[in-house]
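Colleague: Below, each chain spelled out in residue letters.
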Amino acid sequence: MRMSSLILQTAVRFILPLTFLYAAYAALKGHNGPGGGFIAGLIASVGFCTYRMSYGDRAFHRLLPVHPRWLVFVGLGLAGAVASLPLLFGQPLLRSASTTLHLGGSEVHLVSSMAFDLGLLLVVVGVAVGMISRLGEELDR
Amino acid sequence: MVTAAPYLVLVAVGAPALAGLATMLLPDARRLTRLSLATAGPVASVVLVAIHLGRNGVSPADTPTGTIPWVPSLNLDISFLVDGLGSFFALLIAGMGVIVVPYARAYFGHDAASLARFFPTLGFFTSAMLGVVLADHLLLTVLFWEMTSVSSFLLIGWDRDDADAGKRAMQAFFTTGLGGLALLGGILLFGGHTGIWRWSRLMAEAATISHDGTVVAAFVLMFVGAATKSAQWPLHDWLPGAMKAPTPVSAYLHSATMVKAGVFLLGRMLPAFGALALWLPLLVSIGAVTMLLGAVLALSQDNLKRMFAYTTVSHLGLLVAMYGLGGASTTEGVRTIHWDLTQIASHALYKAPLFLVVGALAHLVGSTRVAQLHGLWNRPGAGTKAAAAVLLLSGYALAGGPGTVSFIAKELFFAATDHATAAHPLLAVVGVMAIAAAACNVAIFVRLAATVFGLRSGVGDASDTPDATHREPDSWSFMLWAPAAALIALQYLGGLVPTLWNRTFSGIEANVHDEAFADGLPWAWEPFLHPGMPLLMSMVAISAGTALGFSRWMRGDLVDVHARIWPATYRGILQGGHRLFHSLQTGHLRHYLVVVFSVLTLCIGWAAWADPAMLRPPAGMDPFEYPAGLLLGAVVCAAAIALPMVTERVVRVLVLGASGFAVVGLYLVYQAPDLALTQLMFEIISVILFLLVLRLLPRPDHRPRIRVLPRLALASVVGISIGWMTLLAGHAVDNRAEDAPTLGKFFEAHSLEGSEMTDGRGGEGRNVVNVILVDFRGFDTLGEITVLATAVLGVWSMLPGRRRHREEEDLAVDTGQGAQP
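Residue numbers (the working numbering), protein chains in the order written: chain A, 2 to 142; chain B, 100 to 920.
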């Protein structure tokens, strides 16, 4: 499955960094503003997919050198670990903890559920990219 | 109160399993070390139980050893009850374990792999069985009970190459497992109804338990559990089938210990349930029928193992009937039960040697058929002669001949039926059945003896010689018959010189009702000095049995009609399951959807019927707040209606996409940028996925003929009710929370800061949607990403393309040819 049009290829060159940047922004900002791991994951997936559609399988493997299953495994493991970590401290499942960092005048409020969000992001990217590239491979043959 | 006692008992229970597991670490060749380690487990159990008894004495039935907390939230803890019944069974089980382990070494001989597999399983069983008899918590008993079923399954199906052994193992597991479920049900019913979850409390409050319907139902269920485990009629067929197991297993599990678990359970239940009106008729009828049926079937068997299996069935019936009669002693004060543990021990002490010696004969003679034992006594070999002697001595105890404990035990049972008959004349039938069963046992012994000595009245003749060549004796061969000799010696020791037996058992026997035997077992000659009904019954049985043994009657292979129950049940289950599967799993997604949606609609309809308030529109709703929203809603509806009308798949995807983008617009109108963004991204990805999948799908040859109207109706009902439910959920008002009555208000209020409602904890984020996703409904999200991961695993593994591709490449490399044809 490849749509090798010059316009798309050129556009994707500019769009891809922007999607990733926006995905990162949405993921980091997510707990307090519009965004979140799920959305960020979807945004990043759309970026990956357009890149794969315009440049093909080989180039896509250079962009994402690991198999998408690792994203799924790591993401699910991270989410599961964050969810079950409180059990070790006698707290219920998924109980979040928070801390505030002081970085040169500005305060950053960190909540443990943000790590859960990151796991969510990885799973979403892994699943979307994995499915689409696997089905795409099937069509390419 | 923290004491060492429960931990001591816990270690005693766990020791055999731990020792068995430890033997797995040894290399196969280290047989002596393996044997010592495996023996150490049950030895440790015996020693620890003895230490416990030495320090604390035999505790009364209502006093458990302390408790070890386990799952406090389920009110489940590890506590043990080391009363007379429990400690007797524990010592019996562990003691038998000590004897069976070296016997197994001799039985399996040089087969190191079998030994390596055998000891862990046996240790697991021993621990499970110890747990059953020592547990105080009812549910703990069930837990160990199921473990014995599992280990029995593993051991019956020991021979992996024998398909029949597998079937028999399944039969045993199915039957006893069914009983285990009934037991669990009975215990849950009883515990839920009365709040009693411990045997000790059950004993303490035995007198106050009301005899209402629930308790009776619970009792019947628990009895089903006990009866299946102890192979009672009509589900006894699994026990003869279990003889497929290696002989050490038959001797240990299926004669001496596991099958007694049901009898043990009845012994536990007697003080509490013995007063139920149903107790005596139920137990006595089932037990007596089993007793007679087993004895008659045993007499006509040709295979020694099956013969002794049926005598085990018979004796288990006797034990159940014994406890059944015991019910009269609790209600009416009739002296119907006396020294029940002696009865149980007596059976174990002659039945285990019988099985052990059958295993020895299989090795020494090469056959377990009765006919091929003809003239065994005159065959060469010291081991053969010893085995024959043990066989005859054990057979004599089986017959209940004078001079054995078994004789006195039979007297005790006859005395109980005699006393019971005095109270209820109808029970005279049980006495007659007991005489008949005893006569059959005597006849079995007479025939065995005649065969072994080569008499004409024996079974078979001298020409019957086994064709199998027997095994070369090794240095362990004596262990084939020595354990049996040791066990049977106890029978005669107790029967001839009862002092030691009485001293041992008088401390633990709880049911002492008969003053004729007040001092315990009498000396061997005493019953003859005080003749009475029991002695008369014994004499009738012995003379009738001797005559029957020498006669030509009942020599053919009698077929047990109950053997048909299991195959028929098994076939019925398989066929029923097959039909059910094919009627539910059609392989068509549309059928599944119809089922799922129908059930969903029914549930919602039921809820609406129960709470009519659900049918009223929620208050405070203004449908015309945003005209643009109405317009977009109309687009969604139009797309949904158009979807089934178009036939081209790609167009369908686009129509679906149109509805999705209208939803994006709806989110924007109602000021939910997060959701709009998510929906947008989701629509893009799902359109890509759809197009990819559709290109891979084959074109359907024909459109399936579908009746439109019912489906349209179902679809409309589902759509409307789900939509309505969503609307209600958003507006549902909880009057208990004044500041945050609806879900939306609640999440708004608690997303950043907590309140009393959430124990002062908030989600610590300002984005309500995201806080719901990762905090309030975090568990949901965790489940969802697990589903996603599973789905993608399915895509990766079920699409065959890449694997085929690789294989073709490998093939090309192997043959040195081009990649693709």
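Errors might be hidden in some of the hints.
[What the hints assert, rightly or not] Which stretches of chain B does chain A cover? Using the computed rule of at least three CB atoms under 8 Å from a CB of chain A, they are:
#1 392–404
#2 531–539
#3 877–889
[What the hints assert, rightly or not] The calculated SDA-like cross-link candidates involving lysine to any residue, where the alpha carbons are at most 25 Å apart (straight line), are:
#4 A:30 <-> B:768
#5 A:30 <-> B:770
#6 B:266 <-> B:612
[To be verified] Pairwise CB distance ranges, derived in the manner of DEER restraints:
#7 B:688 <-> A:57: 28 to 34 Å
#8 B:812 <-> A:26: 43 to 49 Å
#9 A:57 <-> B:172: 25 to 31 Å
#10 B:688 <-> A:34: 38 to 44 Å
#11 A:89 <-> B:708: 54 to 60 Å
#12 B:685 <-> A:88: 32 to 38 Å
The set of hints was computed from the structure by calculation and includes no laboratory data. Bear in mind the structure is a predicted one, so any value in this text is a computation, not a measurement. Note that beta-carbon positions come from the ideal geometry of N, C-alpha and C, so glycine has one too.
Colleague: Hint by hint, note whether the structure agrees.
Modeller: Hint by hint, here is what the structure shows:
no.	hint	in the structure
1	392–404	violated (count 0)
2	531–539	violated (count 0)
3	877–889	holds (count 8)
4	A:30 <-> B:768	holds (23 Å)
5	A:30 <-> B:770	holds (18 Å)
6	B:266 <-> B:612	violated (45 Å)
7	B:688 <-> A:57: 28 to 34 Å	holds (33 Å)
8	B:812 <-> A:26: 43 to 49 Å	holds (48 Å)
9	A:57 <-> B:172: 25 to 31 Å	violated (56 Å)
10	B:688 <-> A:34: 38 to 44 Å	holds (40 Å)
11	A:89 <-> B:708: 54 to 60 Å	violated (46 Å)
12	B:685 <-> A:88: 32 to 38 Å	violated (42 Å)
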